[in-house]
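Student: Here is what each chain is made of, one letter per residue.
Number of protein chains: 2
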Amino acid sequence: MTISLETPCVIIDTDILARNIQTMADRVGQHNTVKLRPHAKTHKLPSVAQLQIDAGAVGITVAKVSEAEVMAAHGIGNIFIAYPLVTVSKIERAIRLSEKIELIVAVDSLAGALLIEQTAARLGHTVQVRLEIDTGLRRTGVLYEQAPALAAEIARLPHLRLTGIYTFRGALLDGKPTLDVAAAGWEEGQLMADLADRLRTAGIAIEDVSVGSTPTALYAAAVPGVTEVRPGTYVYQDRMQAQLGVCELEDCAGSVLVTVVSRPSADLAIVDGGSKTFATDVQPGTNPLHLRGFGHIHGLDDAFLTRLSEEHGMLELGPLAQAANLQVGDQLRIIPNHICSTVNLHNQVVMQRGDTFERLPVLARGMLE
Amino acid sequence: MTISLETPCVIIDTDILARNIQTMADRVGQHNTVKLRPHAKTHKLPSVAQLQIDAGAVGITVAKVSEAEVMAAHGIGNIFIAYPLVTVSKIERAIRLSEKIELIVAVDSLAGALLIEQTAARLGHTVQVRLEIDTGLRRTGVLYEQAPALAAEIARLPHLRLTGIYTFRGALLDGKPTLDVAAAGWEEGQLMADLADRLRTAGIAIEDVSVGSTPTALYAAAVPGVTEVRPGTYVYQDRMQAQLGVCELEDCAGSVLVTVVSRPSADLAIVDGGSKTFATDVQPGTNPLHLRGFGHIHGLDDAFLTRLSEEHGMLELGPLAQAANLQVGDQLRIIPNHICSTVNLHNQVVMQRGDTFERLPVLARGMLE
Chain A
7 MTISLETPCV
17 IIDTDILARN
27 IQTMADRVGQ
37 HNTVKLRPHA
47 KTHKLPSVAQ
57 LQIDAGAVGI
67 TVAKVSEAEV
77 MAAHGIGNIF
87 IAYPLVTVSK
97 IERAIRLSEK
107 IELIVAVDSL
117 AGALLIEQTA
127 ARLGHTVQVR
137 LEIDTGLRRT
147 GVLYEQAPAL
157 AAEIARLPHL
167 RLTGIYTFRG
177 ALLDGKPTLD
187 VAAAGWEEGQ
197 LMADLADRLR
207 TAGIAIEDVS
217 VGSTPTALYA
227 AAVPGVTEVR
237 PGTYVYQDRM
247 QAQLGVCELE
257 DCAGSVLVTV
267 VSRPSADLAI
277 VDGGSKTFAT
287 DVQPGTNPLH
297 LRGFGHIHGL
307 DDAFLTRLSE
317 EHGMLELGPL
327 AQAANLQVGD
337 QLRIIPNHIC
347 STVNLHNQVV
357 MQRGDTFERL
367 PVLARGMLE
Chain B
7 MTISLETPCV
17 IIDTDILARN
27 IQTMADRVGQ
37 HNTVKLRPHA
47 KTHKLPSVAQ
57 LQIDAGAVGI
67 TVAKVSEAEV
77 MAAHGIGNIF
87 IAYPLVTVSK
97 IERAIRLSEK
107 IELIVAVDSL
117 AGALLIEQTA
127 ARLGHTVQVR
137 LEIDTGLRRT
147 GVLYEQAPAL
157 AAEIARLPHL
167 RLTGIYTFRG
177 ALLDGKPTLD
187 VAAAGWEEGQ
197 LMADLADRLR
207 TAGIAIEDVS
217 VGSTPTALYA
227 AAVPGVTEVR
237 PGTYVYQDRM
247 QAQLGVCELE
257 DCAGSVLVTV
267 VSRPSADLAI
277 VDGGSKTFAT
287 DVQPGTNPLH
297 LRGFGHIHGL
307 DDAFLTRLSE
317 EHGMLELGPL
327 AQAANLQVGD
337 QLRIIPNHIC
347 STVNLHNQVV
357 MQRGDTFERL
367 PVLARGMLE
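The listed protein sequences correspond, in order, to chains A and B.
If you're matching positions, the first sequence starts at 7 in the numbering used here and goes up one per residue.
If you're matching positions, the second sequence starts at 7 in the numbering used here and goes up one per residue.
Everything hinted at is true.
Copies of the same chain look alike in the list, so a pair counts if it works inside one copy or between any two.
Derived pair list, reagent style SDA-like, types lysine to any residue, alpha-carbon separation capped at 20 Å:
id, residue 1, residue 2
1, K182, R313
2, K182, P290
3, K182, S271
4, K182, E322
5, K182, L274
6, K182, D273
7, K182, E316
8, K182, P270
9, K182, T312
Just so you know, the hints here were simulated from the structure itself, not pulled from any lab data.
Please build the complete structure, drawing on both the sequences and the hints.
Tutor: In structure tokens form, the structure reads like this:
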């Protein structure tokens, strides 16, 4: 079937989308004390955030003040900016936004906390903050062992209200990527619940213990003491999550529609999507996923998107795919390795409802922070 | 110096930009019979395309009909869409555009040529086309040995005017990436000039022999018989080109301004740009470039952007960089490995003229084809 859409474009199957949203909400809901606060980084769409909230999410997570501003302007009323704000202009914008919606911001250093304190004091506000903890990924987050001392200092600042701790770790064990997402999730939750207890013992009233990624959220949610999970990718799912065993390829709501533009030889088809269409941050062949190529080709199990230039995708065809006799002009649907960074390349996605297709601008993408 | 811009953002130094444009125009201009038709994929900005034309370029090259439409709407009057058009809707759009500007389209298969022929006949137009040749990159382009037969068939189609051949090969020798860009460019030009001669002998009036990338353009331009070069990256330059010896890091007009958001340990700084800010299509450590990390950190020679997550860049600090004592809130300028795909991630770039900064929307990015 040829779809009358210009290619390349990202198509989101709204039935699968609805199912993914409901499934995660139901599963998190089995743990009575755990809230779901999805990360909107995957879709960057207020309308999808609203679907998540309608299904039971307490609010959403974003990475940027600008994303929070767009989401709030479109009716999302409860947002956690899970990223340290360290410049006055962004802190001011966040405080202004907190006059309109429930807003929580992140902090992971005394320098950052003091800047928020000074700005909040000047504007006559109190800011709800969560302390980010590094549980092994080595990116932002105060080192685990240094967290109690920093939390104590932050708790003393009069214009900050330290109500929680959070971490992001993903599918990681012993500092290395892992396929054992159950163990990873359990350990992540355990580390954070333990830390929250230590902070409470020290007199700091930690309410929120927020953890979890798409692969680890449900395992971390089962840990007593965890109060919130923040999966993002689950909303669309992708080939990486399928490889991790978190979903099946049939659960992937997002795919890229491309057109075969050239058939230079029997074993090669060129499609009109390259590295400006498919994200390249999850590379083929890397541990522990060992993905072959940059996406899964729907219906052609031995075709592999092995090379990309900016606007060209080189599809190596095995015997079965060669037998399919692809023609110039044929369309293919490809599930990308990483849907979050793939959507981020596109100004629009196409929402598919059965046989109808609706273009939707990805409102919160391409934002300066 | 702290620049009062929200980060992350791409900054283009307009002095370096002007110098890069002039240098390429001058060098290509030394070959009297060779025209310059820059690929606009790097900047995707009509205003920069106009600067290239003002400096002597005959027109520009793009990859998509939509990009051509945006460029034409902003005054660019001579465009080559160097990409096979294989769907009726795009061919129609191209033909409509050719009523307003000088337009050349690409073809690399009989199927594509016949579709253009039928569409052009229906609309009562004649379309100027160039045949794409595969000179070793194995992406689009008819195989070199099959080109004469296909060219003969295309030349017989009454609504197509086959005026040229073109190829893209980049820094490639014997099918592999190479640092010997002089040999690569010479061979590329030679292959195409030879083929043009064979086609002319066969009675096909080939006027344009269009070749070249930023690394190979000037070497290919020196080959007798080459009539046009299409470099793209040179306009901004980047770390990859510097590593290839094509330019110095000082010639890079484009950089990404980021802010240090976290200093979790002495050997690590986290900046607010990840894989949604820096392109990941030119990976660290890959042959023949052996680049360390995803960008060159201005002023910190032993700091390396070794890991990216979506919104985090992990900067490993060597002894010298550690001595610089980076603070949370400090800004850094980073020259990305690949500027074309990095610019493509951003809705806007910031044009720097001395101490003044002007935001410019990247008008032709994010286009559906």
